[in-house]
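*Asks:* These are the residues of each chain, in order.
There are 2 protein chains.
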Amino acid sequence: MDSLKCSPVVTICGMEKTNIAIVGLGTVGTGVARLLLDCGDRTARHAGRTMWLRKAVVRDLEKARQRIDLPEGVLTDSLDEVINDPEITVVAQLIGGLEPARSIMLRLMESGKDIVTANKALLAEHGPELFDRARQLGRSIAFEASVAGGIPIIANISQCLSANQLESLEGILNGTSNFIVSQMDEFGTEYAEVVAEAQRLGYAEADPTMDVDGTDAAQKLAILAHLAFGATVDWSTIPRVGIDGLDPVDLRYARQLGYRIKLLAVATLGEEGLELSVAPTLLKIGTPLAEVRNAFNAIRAVGDAVGPVFYHGLGAGQMPTASAVIADLIDTAVGRTKLTFQTLEYFSSENPARAIQRDTANIRGRFYLRLSVANDPGTLAAIANVLSRNSISIASVIQHESESTLDPNSQRPDRELVPLVIMTHEASEGTAVAATAELEGLDAVEGSVTRLRVKG
Amino acid sequence: MDSLKCSPVVTICGMEKTNIAIVGLGTVGTGVARLLLDCGDRTARHAGRTMWLRKAVVRDLEKARQRIDLPEGVLTDSLDEVINDPEITVVAQLIGGLEPARSIMLRLMESGKDIVTANKALLAEHGPELFDRARQLGRSIAFEASVAGGIPIIANISQCLSANQLESLEGILNGTSNFIVSQMDEFGTEYAEVVAEAQRLGYAEADPTMDVDGTDAAQKLAILAHLAFGATVDWSTIPRVGIDGLDPVDLRYARQLGYRIKLLAVATLGEEGLELSVAPTLLKIGTPLAEVRNAFNAIRAVGDAVGPVFYHGLGAGQMPTASAVIADLIDTAVGRTKLTFQTLEYFSSENPARAIQRDTANIRGRFYLRLSVANDPGTLAAIANVLSRNSISIASVIQHESESTLDPNSQRPDRELVPLVIMTHEASEGTAVAATAELEGLDAVEGSVTRLRVKG
Ligand SMILES: NC(=O)c1ccc[n+]([C@@H]2O[C@H](COP(=O)([O-])OP(=O)(O)OC[C@H]3O[C@@H](n4cnc5c(N)ncnc54)[C@H](OP(=O)(O)O)[C@@H]3O)[C@@H](O)[C@H]2O)c1
Ligand SMILES: NC(=O)c1ccc[n+]([C@@H]2O[C@H](COP(=O)([O-])OP(=O)(O)OC[C@H]3O[C@@H](n4cnc5c(N)ncnc54)[C@H](OP(=O)(O)O)[C@@H]3O)[C@@H](O)[C@H]2O)c1
Numbered sequence: 001m002d003s004l005k006c007s008p009v010v011t012i013c014g015m016e017k018t019n020i021a022i023v024g025l026g027t028v029g030t031g032v033a034r035l036l037l038d039c040g041d042r043t044a045r046h047a048g049r050t051m052w053l054r055k056a057v058v059r060d061l062e063k064a065r066q067r068i069d070l071p072e073g074v075l076t077d078s079l080d081e082v083i084n085d086p087e088i089t090v091v092a093q094l095i096g097g098l099e100p101a102r103s104i105m106l107r108l109m110e111s112g113k114d115i116v117t118a119n120k121a122l123l124a125e126h127g128p129e130l131f132d133r134a135r136q137l138g139r140s141i142a143f144e145a146s147v148a149g150g151i152p153i154i155a156n157i158s159q160c161l162s163a164n165q166l167e168s169l170e171g172i173l174n175g176t177s178n179f180i181v182s183q184m185d186e187f188g189t190e191y192a193e194v195v196a197e198a199q200r201l202g203y204a205e206a207d208p209t210m211d212v213d214g215t216d217a218a219q220k221l222a223i224l225a226h227l228a229f230g231a232t233v234d235w236s237t238i239p240r241v242g243i244d245g246l247d248p249v250d251l252r253y254a255r256q257l258g259y260r261i262k263l264l265a266v267a268t269l270g271e272e273g274l275e276l277s278v279a280p281t282l283l284k285i286g287t288p289l290a291e292v293r294n295a296f297n298a299i300r301a302v303g304d305a306v307g308p309v310f311y312h313g314l315g316a317g318q319m320p321t322a323s324a325v326i327a328d329l330i331d332t333a334v335g336r337t338k339l340t341f342q343t344l345e346y347f348s349s350e351n352p353a354r355a356i357q358r359d360t361a362n363i364r365g366r367f368y369l370r371l372s373v374a375n376d377p378g379t380l381a382a383i384a385n386v387l388s389r390n391s392i393s394i395a396s397v398i399q400h401e402s403e404s405t406l407d408p409n410s411q412r413p414d415r416e417l418v419p420l421v422i423m424t425h426e427a428s429e430g431t432a433v434a435a436t437a438e439l440e441g442l443d444a445v446e447g448s449v450t451r452l453r454v455k456g
Numbered sequence: 001m002d003s004l005k006c007s008p009v010v011t012i013c014g015m016e017k018t019n020i021a022i023v024g025l026g027t028v029g030t031g032v033a034r035l036l037l038d039c040g041d042r043t044a045r046h047a048g049r050t051m052w053l054r055k056a057v058v059r060d061l062e063k064a065r066q067r068i069d070l071p072e073g074v075l076t077d078s079l080d081e082v083i084n085d086p087e088i089t090v091v092a093q094l095i096g097g098l099e100p101a102r103s104i105m106l107r108l109m110e111s112g113k114d115i116v117t118a119n120k121a122l123l124a125e126h127g128p129e130l131f132d133r134a135r136q137l138g139r140s141i142a143f144e145a146s147v148a149g150g151i152p153i154i155a156n157i158s159q160c161l162s163a164n165q166l167e168s169l170e171g172i173l174n175g176t177s178n179f180i181v182s183q184m185d186e187f188g189t190e191y192a193e194v195v196a197e198a199q200r201l202g203y204a205e206a207d208p209t210m211d212v213d214g215t216d217a218a219q220k221l222a223i224l225a226h227l228a229f230g231a232t233v234d235w236s237t238i239p240r241v242g243i244d245g246l247d248p249v250d251l252r253y254a255r256q257l258g259y260r261i262k263l264l265a266v267a268t269l270g271e272e273g274l275e276l277s278v279a280p281t282l283l284k285i286g287t288p289l290a291e292v293r294n295a296f297n298a299i300r301a302v303g304d305a306v307g308p309v310f311y312h313g314l315g316a317g318q319m320p321t322a323s324a325v326i327a328d329l330i331d332t333a334v335g336r337t338k339l340t341f342q343t344l345e346y347f348s349s350e351n352p353a354r355a356i357q358r359d360t361a362n363i364r365g366r367f368y369l370r371l372s373v374a375n376d377p378g379t380l381a382a383i384a385n386v387l388s389r390n391s392i393s394i395a396s397v398i399q400h401e402s403e404s405t406l407d408p409n410s411q412r413p414d415r416e417l418v419p420l421v422i423m424t425h426e427a428s429e430g431t432a433v434a435a436t437a438e439l440e441g442l443d444a445v446e447g448s449v450t451r452l453r454v455k456g
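These protein sequence lines map, in sequence, to chains S and Y.
Residue numbering for the first sequence follows full-length UniProt numbering, starting at 1 and increasing by one per position.
Residue numbering for the second sequence follows full-length UniProt numbering, starting at 1 and increasing by one per position.
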């Protein structure tokens, strides 16, 4: 922040003014307040008017907050000071969670305010209700900051690439997970240790469950899938696997095979519908998505006219997210948001879905399988047999005799186990699931089989 | 094109219609016509209205063109049919070059049409005149397709990243040059041979001078520098070196040192002004810009709030460029372009420039120097001496005795020459230029010294 090169709020004689309120002065809200207060020259230039911060609403005036000097009279704990002020026309609603965020957003719109929000959980859960209500009221909701932080992916998909039927989206959409996986991969650190580190650095919340179990990425994917494919997706129906169960050993084997593992959110429009999923996925080293490190996010979109377009930037954090919120505030003040909002009819319950979500059992792809197997002659033949019966062909195998171990928790603690890693050729997810179950039933296979997707 | 999944023009009862004309039915114009004709469902959805192709103006009706079925009455060789039709409100002006493109654009605006164009040469040369006239007339000019083809960099810089003071832009902005350099690098092919190949593939024009000598990249950089930094830059004042003089040997040495060479356009806002340049530059292998291949373009922007954002996509070609034109046509039809255009006052002669272009002599950076030197004791000392006197310190040296040669064209054809490659630490461009001249004056140095920039 200290490196921002700008001048404080300007009020140029005769220049129009848009009065703004922030509701929720946490990490993102504070960043937005700073940009509005300290960089008025720049927002005025891009908006052609003064962007004036009139109120900042908090729950508790006494709570210690990140230092920010608000002008006299701006900070309040009364939402009514915003609701009842007709001169405030645009509100950055930066409270997290579902309630009271939802009710507050409805009240703000009912009192005539246009909304800018960063709350993906709220949109993923209550999008249709909130957007329908906004349309009824002639209001708009802008939500650039809700997906991929500083990367302007919402504007890019819904406006810049509008000539295209998008064919696929692949994204690293959760910065916390990516930070964790990158650190595990680079330094071989254990999962729990990196999570603690991420919390120390402020990347992960006190309860990082929604980040690491794939919920956050699935909610963002549901929003993107709606914009890109016109699908109305209940995020909770997106098959998702998080990184919380990831074993460092798989990162190591993947690297030996020339891959990195990333939590990848995928939407692909196939002949038979829209395939959506969030899962740890092997990505070929050297390809752009595989090289996304730490708290960065990235999205690869493929359009039928433009071809592949790749975006990379910081997916979270105070100032990157505030950057997206400010862009939305400017668009809303200028009037562009309203035009876009009216035209695109986001999440309209009257618009039939243009794409139907497809059962993941039909999704085809390559798989990485790791098994713990008895170090016996015949083991590999038995496994190959199962795969072959399921029409899954093997692309490569790694088996390290040298890593053989005895497992004291095994039902047969006396037999020697070795890790076996198999890369398959393309197969359907359904077949892979069935084959995995069959493998787990083999006498030669100990415990459960790790199965991961492979891309590129 | 055959893979476009869409339905032809739709006219839904009661739906508004925007009548469009295309002037110039070449590569890009034909792509735009196809998207308008074949994908009316998609443009209608994004524009909330039918985007109707009413006229396509060519110079010569008899000329053989890329096959496209235009409805009866659309094709014409009379610009007046557009000028005199008040129902045509938006025109995609897709003629290349300066004249008659400039006069046609002025006439179209004077007859009340909003303009969408892909012509960067025209904007770089006549931007202020055209934009001032557009403002006087209450018209707009949209130009997404003029820089980086399918990558929506214009919208991203002027709208999506508007919360930021950009600190730098680095871009690979000329697809033809990048194709040529990539091929030379990957296959060791000679320059002339790759140029011929690029022409066969349709990447390079019959006369590729403006692409390979850096003119095209400098024109695009001038446009981006205006949007990002408010600088009004005469593109011809941007120091530029093309790839036309690039020796394959430098690609090879760069690779040995861990770098690739790319034609890089750079704009950096420093304390003392804006540094602009276009030059073949060594980029560290594995960094995103170094890995941009073939006809792809890429841009890395750094903002003071958002941090680094990276964009990658096809920088030219019929459909990627048409994708950008269609996005502009939709924005213009919807009314967003007008709002942006009025607010941002592009190239306004009334707005003082916000950034002053700085003399490149002050730009600091690292350098790659390649010299052909006498294979004598004392040579290296003499060279090190010159550098040291100029306060340039050496980071690394490669000298291959085994590559020693006799140069029959030398004034001293009997002396053995060896190539010497030096990577320097940071120095100012001015110092590097002075040192280069001094080195060329040394008795031990044969011919001229190759000097390239190094980044990352
Ligand atoms: N942080 C990021 O990097 C990031 C990135 C993208 C999107 N987002 C999204 O942005 C939103 C905000 O995130 P954040 O990181 O800024 O969260 P945060 O730091 O927890 O801040 C949330 C703020 O909302 C306030 N609040 C809660 N209930 C309120 C109420 N009834 N009235 C007024 N204020 C209330 C809280 O007030 P108290 O201080 O009084 O508790 C707190 O200051 C979330 O939806 C999040 O998912 C965040
Ligand atoms: N091609 C790309 O990938 C690309 C990418 C980005 C930007 N651009 C820019 O887009 C513009 C068009 O490029 P292009 O590749 O489509 O060029 P092109 O294939 O040479 O087409 C130009 C067209 O303009 C027509 N034209 C010239 N003078 C005319 C006049 N007085 N009246 C009517 N039509 C006239 C030509 O007509 P005739 O056919 O009768 O000669 C030709 O069809 C250029 O400014 C270029 O820099 C191109």
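If you are wondering where the hints come from, they were derived from the structure by calculation, not from laboratory data.
This structure is a prediction, so every number in the text was calculated from the model and none was measured.
There's no promise every hint is true.
No copy is singled out in the list; a pair is fine if it fits within one copy or between any two copies.
No more than 25 Å apart at the CA atoms, straight line, and that leaves these computed lysine to aspartate or glutamate pairs for DMTMM-like [as the list claims (entries may be wrong)]:
#1 5 x 359
#2 338 x 197
#3 284 x 186
#4 5 x 272
#5 284 x 185
#6 17 x 359
#7 5 x 167
#8 5 x 271
#9 63 x 125
#10 17 x 407
#11 5 x 345
#12 63 x 205
#13 63 x 81
*Asks:* Are there hints from earlier that the structure breaks, and if so, what are their numbers?
*Replies:* 2, 6, 9, 10
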